[in-house]
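Engineer: Sequence:
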Amino acid sequence: MAMAHAELWFVDLEKASGALDALEAAKPRLSDVDNARFAAMTDGAARRNRRLAHIALRVLLERRCGPSIRGVPFAVGASGKPALACTNVTFSLAHTAASALIAISDAGLVGVDLEHARKVKIPSARRAPIERAAIALAAGVPLAEGDPDTRFLSAWVRIEAVAKATGSGVGPFLERLRPRRASKEEEGLAGAKGSSTVVAHDLTVAPGLFGAVALVPGQSLPPVRHLPEKAAALAALVSEGEGER
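For the sequence shown, the residue numbers in the working numbering are 1 to 245.
To be clear, the hints were calculated from the coordinates, so they are not data collected in a lab.
Quantities reported herein were computed from a predicted structural model and do not represent experimental measurements.
It is possible that some hints are incorrect.
Computed cross-link-like contacts, DSSO-like style, restricted to lysine-lysine with a CA-CA straight-line distance of at most 27 Å [to be verified]:
1) LYS15 x LYS230
2) LYS230 x LYS27
3) LYS15 x LYS27
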């Protein structure tokens, strides 16, 4: 299937759990490395949600790359960004509790992030440079209106999405934005506005969730599609990809 741009998929892991479990039982797609990692998790709910999110990712990748990728471990580069031996396909997965967001693209770098609405215990002096950087990374698009936590979480998902797309990691990025270093860093970000490796875009996914995707400059923002929650519909989605490859 030839994609002209990224695909974005929202997954309600609770509602789609039966369909995802059924597809994995019928035709296993997770690798041994995946299964070992999930088995090592002690939190049962977190283990189940992460496993379901990765089944959904594998299903969508198979739709693009074909069944030869079943059970193939992801290759992890020096930056920690996972990849798969499927020509020109990049992908990104974010999940929080029972929700997941997946991006798959053949048009270059892509990254997504997803966060639940919550109280954020970060002082305003620390928030300010992060929020200004998030605006720069979105080519000057203002942050969502609302209370301070809404504004900060809108900024946070933008930064996480960019960090995932580039493989740079959010930790080093945030370290450069500490108040004592923020001035020079923000100047650099402002100068790079509109010419960055990727540009962050806000996403509307579901009530109570903040989402963002990072795409290469000039790439159109695709709609967020919802992964089917019934086994037959999910199997048909995979078959649709087989017919278009």
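Engineer: Against this structure, judge whether each hint is valid.
Structural biologist: For each hint, the structure was consulted:
Between the alpha carbons of LYS15 and LYS230 the distance comes to roughly 9 Å, so the proposed pair stays at or under 27 Å and holds. Of the supplied pair hints, the one linking LYS230 and LYS27 holds, its CA atoms being roughly 16 Å apart against a limit of 27 Å. About 20 Å separates the Cα atoms of LYS15 and LYS27, which keeps this hinted pair within 27 Å; it holds.
Taken one by one, the earlier hints all hold for this structure without exception.
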